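Going down the list, the protein sequences come from chains A and B. Each residue of the first sequence is one higher than the one before, starting from 1 at the first, in this note's numbering. Each residue of the second sequence is one higher than the one before, starting from 1 at the first, in this note's numbering.
Simulated from the structure, these hints should not be mistaken for lab results. Owing to the predicted nature of the structure, the values given are computational and were not obtained by experimental measurement. Quick reminder that beta carbons are idealized off the backbone N, C-alpha and C, glycines included. Where hints are given, some of them may not hold.
List time: in silico DSSO-like cross-link candidates among lysine-lysine, alpha-carbon distance up to 30 angstroms [stated by the list, open to error]:
hint	chain 1	residue 1	chain 2	residue 2
1	A	Lys276	B	Lys34
2	A	Lys375	A	Lys618
3	A	Lys273	A	Lys393
4	A	Lys501	A	Lys44
5	B	Lys12	A	Lys531
6	B	Lys34	A	Lys618
7	A	Lys597	A	Lys580
8	A	Lys531	A	Lys276
9	A	Lys44	A	Lys276
10	A	Lys618	A	Lys273
11	B	Lys12	A	Lys273
12	A	Lys606	A	Lys585
Okay, the calculated bits of chain A under chain B, using three or more residues with CB under 8 angstroms as the criterion [unchecked claim]:
hint	stretch
13	249 to 255
14	312 to 322
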Amino acid sequence: MATESKASGDFVSNLGKIYGYYTGGFFLFVVLLAILEQMGVPNKIIGYLFVFLTLAVYAFIGIITRTMQVGEYYVAGRRVPAFYNGMATGADWMSGASFVGMAGTLYALGYDGLAFVLGWTGGYVLVAVLIAPYLRKFGAYTVPDFLSERFGGNFARFIGVVVLICCSFTYVTAQIYATGIIASRFLGIDFQVAVFVGLIGILICSMLGGMKAVTWTQVAQYIVLIVAYLIPVVVLSTQKYGLPIPQLTYGQALQDITAREGQMIATGLADAKSLKPHLTPFLNYDPLNYFGLILCLMVGTASLPHILMRYFTTPSVREARKSVAWSLFFIFLLYFTAPAYAAFAKLEVYNNVIGQTLASLPQWVYTYGNIGLVKICGVDATTVDAIRDACAKLVGYTGDMASFVHQLRHQDFAINNDVVVISTPEIAGMPYVISGLVAAGGLAAALSTADGLLLAIANALSHDIYYKMIDRNAPTGRRLVIARVLLILVALAAAMTARTKPADILSMVAWAFSLAAAGLFPALVLGVWWKRANSAGAVLGMIAGFGVCLYYLVGTRYFAPHFYETWSFLSHASADAAAKYQELKAAYASAADEAAKTAAWAALDKHAQSIATWWGVKNISAALFGLPVGFAVMWIVSLLTPAPSQELQDMIDNIRRPRGDMVLAEKT
Amino acid sequence: MNETERHWSRTKGLMWAMLIIWLIFGYGIHYFVKQLNEIVIAGFPLGFYMAAQGSLIVFVLMLFFFASRQDAIDRDSGMAED
Chain A
1 MATESKASGD
11 FVSNLGKIYG
21 YYTGGFFLFV
31 VLLAILEQMG
41 VPNKIIGYLF
51 VFLTLAVYAF
61 IGIITRTMQV
71 GEYYVAGRRV
81 PAFYNGMATG
91 ADWMSGASFV
101 GMAGTLYALG
111 YDGLAFVLGW
121 TGGYVLVAVL
131 IAPYLRKFGA
141 YTVPDFLSER
151 FGGNFARFIG
161 VVVLICCSFT
171 YVTAQIYATG
181 IIASRFLGID
191 FQVAVFVGLI
201 GILICSMLGG
211 MKAVTWTQVA
221 QYIVLIVAYL
231 IPVVVLSTQK
241 YGLPIPQLTY
251 GQALQDITAR
261 EGQMIATGLA
271 DAKSLKPHLT
281 PFLNYDPLNY
291 FGLILCLMVG
301 TASLPHILMR
311 YFTTPSVREA
321 RKSVAWSLFF
331 IFLLYFTAPA
341 YAAFAKLEVY
351 NNVIGQTLAS
361 LPQWVYTYGN
371 IGLVKICGVD
381 ATTVDAIRDA
391 CAKLVGYTGD
401 MASFVHQLRH
411 QDFAINNDVV
421 VISTPEIAGM
431 PYVISGLVAA
441 GGLAAALSTA
451 DGLLLAIANA
461 LSHDIYYKMI
471 DRNAPTGRRL
481 VIARVLLILV
491 ALAAAMTART
501 KPADILSMVA
511 WAFSLAAAGL
521 FPALVLGVWW
531 KRANSAGAVL
541 GMIAGFGVCL
551 YYLVGTRYFA
561 PHFYETWSFL
571 SHASADAAAK
581 YQELKAAYAS
591 AADEAAKTAA
601 WAALDKHAQS
611 IATWWGVKNI
621 SAALFGLPVG
631 FAVMWIVSLL
641 TPAPSQELQD
651 MIDNIRRPRG
661 DMVLAEKT
Chain B
1 MNETERHWSR
11 TKGLMWAMLI
21 IWLIFGYGIH
31 YFVKQLNEIV
41 IAGFPLGFYM
51 AAQGSLIVFV
61 LMLFFFASRQ
71 DAIDRDSGMA
81 ED
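Between the sequences and the hints, there should be enough to build the whole structure, so can you do that?
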């Protein structure tokens, strides 16, 4: 035991050296693969080498950091310095979707997409100022640990676990799905198999060493993902503007985009109705939804258990605070680069795709058209002939096909969000090795987030449900075995769900933020900042906030016509939209047979989803209702019921001052 | 006022100051995006720039400031670790 802790002490004191060598080794590896590519090694082999060698490194770290100590398994022995915990949090936070899809969202939504950039960074201010240092001083293993101790026992703990699982499970499913997509797209493995390759990668990193192993692999994964994200766009910026700082040079691209937008409308290449200028605010979200979304994402960030638990691993309260600052810095590096990707990609499309004749489209259009990510005139851009037929049909051309010339219009072209990042190396004419690097980066992003989420879920089940609620006397060995068995079971369940490619699950990821915000934020914040908050208030507040949020999400998405009719007086529907609803409803009532009824219902449901709202708030921002309800209920009920005991109030004083021992110390 | 209360009231003061800066840069200035967009620097309309980079830089800097300021408060009141 003594040698083991000495060994890991050495590890921690040599972190700079270890990760320095690792980063250097990674660059060397990229250079080596570039040389292999020049020597004629096929792209497929390069891709395989990239993915499997990075996976092997993560697995190696996962295995050497294995542990049989409870404190190391749950909170990495509380020995992770602020700087490295910041990197690990960065990898934990930035998902496969952030890495691959964020720039695409900005491409599609222009200014309005920046709600995600602001929301996913500003939340860390709340984490640092309101929550993380206090939970660190408290000394919990999990977020429900704190709820239980502060709010009178296992009922509060249980509700915490329910909220945690609701917001983390859909999220982890989406991560495993993302690993499957990335592996299948770059390696050509079948998606169903790729999901399980990803699953093994995730389990090897987390199973043997719990939080300790996940921490040190996440640091390694952060380095891979940030290098992979920055290199293509830095090269692109240097090529086009002679300056390797894309974050500065894309200002010029923004001006060019705006000029080109005016030109396209003037020459009839785009119609003013469908083209949404990149820089103009509030075209996709009105201000209410824009600011509402920012709030939900920020507060959600500050409530997601897999993020909060990262700050349980620092050596001190002081380090926990610094660590949040480092986390945000490392996250910032990616998020302030994403808009540059979006701008460069948009300029490329506007200059070299729109307005070109079908015969002269750039090659990348077909590369991604062949895997269904680029559509032209409504069909996948697989070959020149295929899109020529489709475009001729679209404009009603009936003459001789050979003499059909069509200048591609803005409205003819559709691109999947993911293409923006993955196509950049190709657009900039970089060697394939850079594409392999991007794949490895996307995989690192998805794996690291999946690890953090899985651990959050499995720890809640093993520590909160099994150890704290079922068997308080379980010996250490059994607790750790149970923790690992649950980890595997949760991972398998998520992988089985991901295999079915559930479209709904993927769109539900955005719900996680609202659910976490409404369910956990009031209890966490008032638990620290308001001594008067008591257990009845917290329990009812959590149930009410979470309930309202869930009702709004499910109601507006799955029971839209019913929701609209119940709440039509709160809907923002215009007179026209309301009339159209009645029309569709009548059509449904009078539909003759089963088939017609199904079709009429689908139309009715689709229309109802656009008007089933309270004051026009989109369902992604459901916490706009859940959050105030949660706060209000917690406040009122707390005031109506007796104040917490003196003992509990002393405990709150204790977590407010960094000096002294943790409140909850593991008794071993 | 004893040391515990003094420490907590200074901590609360810092907390409110941080939340006000957060409100201004998370929401306040973006409300004026259209007016700010009239100013263009190096190709960036200022309103767009603030949402894409400016506010993010403020968030990062304020968290480092917060960490050191809170630490100073803790040390001053004898509430710091070690």
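Structure versus earlier hints - violations, ascending order:
Structure breaks hints 8, 9, 11.
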